[in-house]
Structure formats: structure tokens, C-alpha cells
Amino acid sequence: MSGFEIFGAITGAIALTETLLKLYNAIETRNDLPEAFLEVGKRLPLAKETLELAKGLTDGLKDENQETRALKQNLDDCHSKLSQLQEIFEQISKGDAKEKSLVDVYQKVVRRLKLDNKSGRVEALMKGALDSLQLLTMHRAFKDAMKTQAADVSQAKEELEKVAMETPSLPDLPEGTRGDNVNYGEINRQFANWGEQTNIEGGQWHIAGAYIHGDQVLGDMNINTYNQSTYVYSERQSYYGLPHISVSHVVERVQVQKAIEDKFSNAVPGSNKPAVLVLHGIGGLGKSLIALNYCRSKHALMNYQDVFWVDASSKTTTVQGFKKMASMLSGTDKVAHMGHITHEMITSVIAQWSSRWLLVFDNYNPDDFDNENTNDPGIEAFFPESKEGRILITTRDSELGCFGWDSIEIPTMTKEEALDLFLHWRRRTMDNLSPKVPSACSNLFKMLGNLPLAIDHVAQALPGQDLASEIDEYMQMFNERKGMVRETMNIEEGLMLNWYTTYECSILELPRVIAKASVQILTLSAFLGGTTIHGNFFQRYASVIDDKSWLWIQLLRTTEGAKKFREMVLALSKKTLILLHTGGQGLPGGISFSLHPAIREWLQRRTEANRTAYLDQATKMMSAFCRGISDTMIPFTIQLDILVHLDTCLSSKLSTDKTMEDSLVLEGRKLDLDRPIILDFASFYRRCSRLEDAKRIQWNLLLERRKAGIRDDDPASINLQLELGQSLRDNSEIQAAMECYEALRENEDKFDSVQYCQMLIGLADANDLLMRHKEARRQLAMAVRLFEEGELPLVKLEPRHIFAGKQRNLVRMMLKRTDSDATSQRDSFPPLSASQKQYHWRLLVKALIIRGRLESNTGHPLLAHEFLIAAREIGERFCEIDNLTLEATMSLAGSILISQRQPGKAMELAMEVMGKTEEWNGPDHRMTLGALTYIGMIWGKTGHYSLARSCFQIVKEHAKNLLGETAGDVLNELVIGDTYAAEEDYAEAEKQYLFAKKKSDKLSEPIMERAVCISLFRVYMVQGRFDDAWPLTFKVLGTFPLVAVLRVNKVFVTLAVLVLLNMILSSISSGFYIAIGVSGAIVLVARWL
1 MSGFEIFGAI TGAIALTETL LKLYNAIETR NDLPEAFLEV GKRLPLAKET
51 LELAKGLTDG LKDENQETRA LKQNLDDCHS KLSQLQEIFE QISKGDAKEK
101 SLVDVYQKVV RRLKLDNKSG RVEALMKGAL DSLQLLTMHR AFKDAMKTQA
151 ADVSQAKEEL EKVAMETPSL PDLPEGTRGD NVNYGEINRQ FANWGEQTNI
201 EGGQWHIAGA YIHGDQVLGD MNINTYNQST YVYSERQSYY GLPHISVSHV
251 VERVQVQKAI EDKFSNAVPG SNKPAVLVLH GIGGLGKSLI ALNYCRSKHA
301 LMNYQDVFWV DASSKTTTVQ GFKKMASMLS GTDKVAHMGH ITHEMITSVI
351 AQWSSRWLLV FDNYNPDDFD NENTNDPGIE AFFPESKEGR ILITTRDSEL
401 GCFGWDSIEI PTMTKEEALD LFLHWRRRTM DNLSPKVPSA CSNLFKMLGN
451 LPLAIDHVAQ ALPGQDLASE IDEYMQMFNE RKGMVRETMN IEEGLMLNWY
501 TTYECSILEL PRVIAKASVQ ILTLSAFLGG TTIHGNFFQR YASVIDDKSW
551 LWIQLLRTTE GAKKFREMVL ALSKKTLILL HTGGQGLPGG ISFSLHPAIR
601 EWLQRRTEAN RTAYLDQATK MMSAFCRGIS DTMIPFTIQL DILVHLDTCL
651 SSKLSTDKTM EDSLVLEGRK LDLDRPIILD FASFYRRCSR LEDAKRIQWN
701 LLLERRKAGI RDDDPASINL QLELGQSLRD NSEIQAAMEC YEALRENEDK
751 FDSVQYCQML IGLADANDLL MRHKEARRQL AMAVRLFEEG ELPLVKLEPR
801 HIFAGKQRNL VRMMLKRTDS DATSQRDSFP PLSASQKQYH WRLLVKALII
851 RGRLESNTGH PLLAHEFLIA AREIGERFCE IDNLTLEATM SLAGSILISQ
901 RQPGKAMELA MEVMGKTEEW NGPDHRMTLG ALTYIGMIWG KTGHYSLARS
951 CFQIVKEHAK NLLGETAGDV LNELVIGDTY AAEEDYAEAE KQYLFAKKKS
1001 DKLSEPIMER AVCISLFRVY MVQGRFDDAW PLTFKVLGTF PLVAVLRVNK
1051 VFVTLAVLVL LNMILSSISS GFYIAIGVSG AIVLVARWL
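Mapping the sequence shown onto full-length UniProt numbering, position 3 (from 1) lands on 3, and the numbers just tick up by one.
Worth double-checking, as some hints may not be accurate.
Unchecked claim - Under the rule of at most 16 Å between Cα atoms (straight-line distance), these lysine to aspartate or glutamate pairs were calculated in the EDC-like manner:
(1) K258 x D406
(2) K263 x D406
(3) K574 x E504
(4) K564 x E28
(5) K516 x E504
(6) K563 x E28
(7) K574 x E35
(8) K55 x E18
(9) K998 x E1009
(10) K620 x D647
(11) K118 x E161
Claimed, not checked - Okay, the calculated beta carbon distance ranges per label pair:
(12) D714 x W405: 52 to 58 Å
(13) N610 x T29: 28 to 34 Å
(14) E739 x G915: 35 to 41 Å
(15) K750 x A515: 45 to 51 Å
Simulated from the structure, these hints should not be mistaken for laboratory data.
C-beta atoms are modelled at their ideal positions from N, C-alpha and C, and glycine is treated no differently.
Let the sequences and hints guide you as you build the complete structure.
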């Protein structure tokens, strides 16, 4: 191994560093780039400089010997690590349209490189390269000339080690979870899938506890094995909801950690109650970090199999936290309910586990739990009833120990702990400090009350060159600022005044160029909820609003707005004013952070005079964000964050002790009723299946507009009524939705074409569900005519542009109408905007879905299938993939089951919808429950009645909480009864049908009354109970057109008619033979139809 070969190896490594620098410059400005990437980028010039210096010193190397071989191996290791870094940087710079975020691309590359989440992190790869460079600098041929480089490389390694510990770019995997193709859960969903997927084409496969053969006959249909719907997670989690936060330095609070371990080790839980421990103390003591450190401690690792973390700052955030837990647990082998659970079921599911678990309620605030019983803390309703668990609560409320729970009062830091935290920023130890520093630090800590948050702020504000002098100067500035804080915030002397003053001093240390805009963003964040804040909120708002009174908006509207925003957020993070989130928790392409509760309180107090302006700005910003993502699918966990922010804005705006009608008077003035911001909130609530909240807001806002003298034909009022009609329909209140749409017809001359289409399609939808099929066809024809005659001439376009010939014929078929329709339809509308044209496509997809369902209901399953295929293809081509396209796919699954009798293919589509809607909507959304209902139908059709019943029971358990008492509850009872009837357990089926009848009578829904009659009639007829069936006969026959009924269920109808004729004619002496003759004729007609 000659010096020339060493020279070549170093040259190759230098070329790699140059490529890496170019790639890093290309991705540096991405908002979603983890902090660790920035730290790696800062070390690339050092690596290049070290290699270039070594390159000039290779002449002194001798020919091949053991020493040069070791050096070459070392350089090869360096080259390997840099090559892996290059692969990651290249893929991130290219992007991948199929991936949802940078982290998804990142993890995909790491898996392809056959690395795990720890060794594949960019910071770990860079540290590995620096390890090789450090060995290079120690070689005898280089060490004399590279002493400075050796020190710099050593320091860079230490800094990267801290980055890897504090802000890892990828989350840790629990030990033992990196398996290839680890399959568990229902329908062999694959989790922790690091290898290539193998689709089962035969043999046995495992479904919810039952082994089924691929060629087995199921019920009256053959089910073929199908390609599994695969869910790929980066890890099989044993941690649920633990926050990914970036903190400056973690000081081990040894005494507190030991106290927690001792309390839990010695705890004696009740017979079915978990042991509870409360950590209480003032804000800023580090309670959350202490709890987080305990969750990751060896004691927790040895004692708990599952660890959960919930933000308990309010009842809303607690419920949202449980929804996130439900989303993460659904589909795992930890859940027995077909892999699907709702957030209300979490406590009962955990209570059934035999393994040990830990549940943390962070930042619990009893005042926000709306608890009427002062003797009950309000949070116990969220405790699983199991002695196997432990519950840890962090709170500022010192009285929680009165409820019989163990408690620990978190003390302030000791002098040693405070010094550890303070000196971390200076990279100093007590050994190399001047004699004056300990005394100055002692005075500083005393002034700050040894509060960790305040000490952290001051530590970052000082340059660290001459600590003793800098501390004296800081305390002088502090005392000058303290008077201003006392006057503006009206705070008396005490530690709180000192802490607030340190925060004010931190603001003074922000870079002057961005200081004002940064403070505006920081203060605005304080008026949002206490959960994750996404940078996309600010960026989207700035893109649509040009408000010159806000500097941050002006900065974000520049060409470098995204870079400026990231710069401001990082500056705030470095001053410990925000907690920067890592681990891909934000929206794709965005940065996310949160505020410490103490910081939020300080910011709200310091802007008391401008509170209204900031609250208005926060409300408008969330309104603009909700409006901008109305047709965009975003991850479920982020939806929950948004809901918390909306709830916070509404609770701040609307008085809680008044009715909704009166509370729309805000801060002494009316809402902007011409463009009601609150309507955007209501639309988002409806989208997230908060249907009761959406209806209440929409209805009361409509009443308020009427009281204000605004007519119902106002454009905003029209949109409001259309939204209300959709909310009623989503909530299964079909008759009420119909009445809402009918009321709109009085002002249809004021509609634009989109509003007119919405109304017609809403009417068609309701009419179809109410079995008024003729009306539904007519209204769909009128709606689709607008597409032909308006600015989307679908039928006139060539097939290659949009549709195949069959699809064009389907649209033509929808256009058929009677001559009387011509006089009832408007033919002229204002020109469409670009957004309205896009929305027309969505309306067309919705119309095709309704028409497909209509054809299926009237006995034309094959035609229904064609309509639904067209709906799915048009939706996927011209609309974003969202709930509408999922609805088209879900309807298509039902059509395939009925028209083509292919349950395997139908199940594949239903599971595809189930996977997407669980990811994007969560486990308790109406779309998810709808998909679960279809899956139950498929199991029922294939003879797996117990599996079908499990699906329907889950839907039933949650439908009441989601929708209230509606027709959906009646339908759930009926389908559960159907599974019993299919198993010939008629007594249980009748009991279920009668229960459904009670609910139906209470609702007075005609369609459900008829459905109940049909179910009871069928079960009576099968049992030969003709006396009970006779009173229901005419109701059953009057439900559908005769031909449609014969087409849908020939055997059932033929049997009913035969029995009826025999009952009538049996009393006539010669009528028996007549009955047989007529019955034979009816059988022949049924076969022909």
C-alpha cells in the first residue's frame, strides 16, 4: 500500500465532501429539515479542510506496511460513511411525490442502506466519518502538522454526540423491534416491515383469530385470496405520544428521579386501580422533563412494556391525546376488537392487559376539566381500571394529594444542578473557572430562585468570555428592565417578577433584524392552544393576507420568506423561548414547535393592552388555514392539534356562560357576519366528524345573521345553509337535511353555478336515501346539465382527453330528464373562477356516487358498478385524494360485492379505504366507521357472521358518541340482527330488530321504519309466524317498486307472494290448485326478471 494509493483515497473523500456541500446547500432552506442536518452541514467544511491538509502530507508515507494498510482501511471507512450521507442528501434533494414528508424519504433511504434508525442518522454517519478523520490526525505522518485540526475534530465529535442525544433526526427504536416482516394484527397487516412484502396467493392466512384457507367456500360465495393491504410503520412502538422536543441540556435531577422510582416500587395499588403519583410545583421547574426522563429511564424500561403520554392541560387536549393513542394502537396485536378501537375504548382495552404499563398526564389543569363536583379531580374518568398500571401526573396544583394519591413536590435546583445547567452553555467546568465566577453565579441563581427555565434563558444570553463581568452586567440590565416589567404587567416584587424579567431580557438578545417580527410570531403563538404549533399556520396566512401593520407578515411575503421564518423560529429556540419539535411531527414541508405554559402566561400578560388584536389575528390565521386545506388530506394527529387550536380560539372569543346566539357578540362588537370566520371553524369540525359542534355553530350563526338583518339570499348565508345541510346529512338526519335544502330553493335565483349544483346534489342525495328515486334522478340530471352547458363541457370532449366512450355514455344517461324540468332549471350563471371549476369536478364525482347508489337501490347493480368506477377514476384524476375519493372507492367495494360477487376484490378495496382513512381521519371518524361497516358486510356475505358482528358492534359502540341518536343507530341494530338471522338464531335476531324498532319509533324516520318492518317481516316469515307477518305485508310491498324488489331479492319476494296467495286461497275449496298455478307463474316471471 503506497503513499500514492493513500493520496488517491484522500482525493476521493475530498470529492465526496465537495458533493455533500453542494447537496447540503440545496436542502438547507427546507423548513422541515431536522436540526441535526444543520449541525452536520456545519461540520462538512472541517472534514474537507482536514482531508486537504492530509493530502499534502502523504509524501512522507512509506511503501506498503501494516501501518499504511490500517490507514487505508480507516480512509475506506470514512469514504463509506460519506457515501451513505451523500445517498441520503441526494434523495432528500430530489424529493419523492409518493412520500408525505422529508422524514418519510429519509427513513426510506436508511432502510434501503440496511441501517437501523440509530446508525442511519445523519449525525451518526458524520460522527463516524469524524472518528476516521481523528485517527488520521493521530497518524505519525500527520500529527505534528495537524494538532489544531485534531482539536477541532474532537470538539466537533462531542457536539455531534450531544446532538444525537438531544435532538436526534430519527426516533429510537425499542430494543428488539427491527425484525423483517413482523406480521401481527387482523388480516396480517404488516408492521415493522423492513424487508420485501410477500403477498399470499393461497394456503392459510390469519384473520382476527381464525385460520381460513384461500380456496375455502364461505357462505354462498367463494372468496379468493387477495393482496393484503399493507401498513408500514418505522417501528413497532412501545412508546405512545412521547413528545419530540429539543432542549438545550438535560440535568439529571437524581434525587427526584430516585423518589419517583421509590414511590412506584413501593406502591400498593387497589384491587382494580392503578397506583397514582403526582409531581407538583410552580411552572418552569422542569416537571415535564423529569417525567420524560423517567419514561426513558432504566427503571421504566425494566418495569413497563408500554408507556403513554397525554397532554392534560384541558379536557379537550386529554380527549385528543386518547384519540392519538387509539390511532396508534388500532391495527396492532394489542387490540382484540378487529384491530380497531375508538378513544372511548382505550381505558377498557388497556385495563384488559396483563402486562405493566405507564400513563403520564402532563400539565394537568383541573380548572379546564369543567368538573362540577369539587370533590372529584375530573381526570379519573380517563384512568384504566387495572392494578397492572402506574399513572404519573404533572401539575401546578398542590392539592391533588388530597385525593389519596402519592405526591412529590418538585424542588428548585440545587446549586450544583444549577451550575451544571448554566455551565453547559459555556462548555466549562468548575475546575477552569475564575475565583469570582462561583460567587457571581450564586447571586444570579438566588435572584432567579434556582428556576431551571430562567437559568437556561440567562445562560444563553451571555457570551461566556468573562463570566463574572458578564453576570454583573446582566444583573444591572436586569434591574433596569425589572421596573418596566413591574409597571406594565402590574406584578408585585417576588420570584415571578424576576422570572418574567429574564424572559424580557431574552427578547432583547434576539438578532435586531428579525427581533420585532420574531416577538410578534412568539406572542401570536401564545393565543393558540397549548399543543403543537405548525409553521404552516403562519406561512399560509401570510400568503393570502397583506397586512402592513404586522412586520412578520411582510417578511414572510418576500421571496426568502420561508428561510426568514425558519431563521426566526431557530432564534427563538436558541433563546429557549420555544420548544422546537423533531421527529417529523409537523406538516409536510413545515417546522413545528410549542410553548412552555409559563412562557404562554408571560406573553399573554405582557400584551394585555393588545390582547384583542392578537386574539383576532390568531383566529383569522386559523380560519385562513382551515379554508386553505378544505380539500387537502392531512395526518390525523395534526388534525387533532388543529382542533385544539380552534377550540382555544373559540373559547377565548365566545363567552362560556351565555348561549351560542348571544355569544356571537365578541369583545363588544359583532363578528364579521359578511365573511364569518367561525364558519371556517365549523366546516373543519364537520370534516373531522365533530358534527354536533358543527351543527350548533352553523345553526346559531345563521340565526345571528338573521337577527342582524342579513337576508338568507346573501352569498355567505347561502354557503352557511349548504354547510348546515351537509352536516345534517353526515349526521344521518336525512329529513332535516332535506328540509334545509328545500328552504334554499326559495332563493335559487341568487345562486352561482357551484352553489346551485351543491343544492341539487344535496337534494338528490337526501331523496335517494328517502327512497324518492324519481326525484333524485331528476335533480342529478339538472345538476350534471350544468357541467355540460357550463365551463366544463364534459360530454363534448374527445374520449382521449377525459373519458372513455362508456364513461361519456354514463354522463349522457344522467342528463336524461323530462320536458317539465326545462322550465324549473336556471340556464345562466356568472362565469366560474378557477377554484369553482375545480370544485365542479368534485361535485361531478359526488353526483356519480349518488347515481351509483341510486341504481343499486333500484335493482340495477351492474349499472351502479359502472357509475362508481367512473366516480373513482374521475376523482383520482381531477381531484385530490381525500374523503370524497375514498367514498367513491368504498362505494365501489360495495358494488363489486353485490354486482360481481367478488368478495375478495371488495375486501381489498375496503381495506385500502380503511388504511387511508385511519391514517388521515383517525379510528373514530364517520368515514372510518363507514369502511368498517363495509368490511362487516363483506364478512357477512361470505358467511363469517361473528366477524361481521364484531365490526358492526364496534360501529355501534361509537356511532352514538359520534352522531348521537340517529338513523345510523337503527341501521347498526338491524345489521347486527341480520348476522343472528343468518346463523338461524331467530330469537336473538327478533330481539335485535325490536330494539331497533324502539329507536326508530323515537326518531320518527320513515325510511328506518320501513327498514325495521322489512327485517321483522323476514324473520317472522322464515319462522312461519304468518299472523305476526300479516300486519307488515303492505308496508313491505309498498316500500319499493315491485320490479326493483324482484330484481334485488327474487327468492325472498317470490316466497312472500306464494305464502300470501296460499293464505288467501286456502279458504276456498278449489283455491288450492289455483294458488299452485299462480305461484308457478310468479316463479317463472321472477326467473325471467
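Structure-based check of all given hints:
1. K258 x D406: OK: K258 and D406 at ~15 Å, within 16 Å.
2. K263 x D406: Given pair K263, D406 holds - Cα atoms ~8 Å apart, limit 16 Å.
3. K574 x E504: holds (15 Å)
4. K564 x E28: Since the Cα atoms of K564 and E28 sit roughly 12 Å apart, the hinted pair holds (cutoff 16 Å).
5. K516 x E504: holds (13 Å)
6. K563 x E28: This hinted pair holds, its Cα atoms lying about 9 Å apart.
7. K574 x E35: holds (12 Å)
8. K55 x E18: holds (15 Å)
9. K998 x E1009: holds (10 Å)
10. K620 x D647: Given that 16 Å is the threshold and the Cα spacing comes to 14 Å, the pair holds.
11. K118 x E161: holds (12 Å)
12. D714 x W405: 52 to 58 Å: With a Cβ separation near 55 Å, D714 and W405 satisfy 52 to 58 Å, so the hint holds.
13. N610 x T29: 28 to 34 Å: holds (32 Å)
14. E739 x G915: 35 to 41 Å: Check passed, 37 Å falls within 35 to 41 Å.
15. K750 x A515: 45 to 51 Å: holds (50 Å)
Figure legend: structure checked against the earlier numbered hints; every hint is met.
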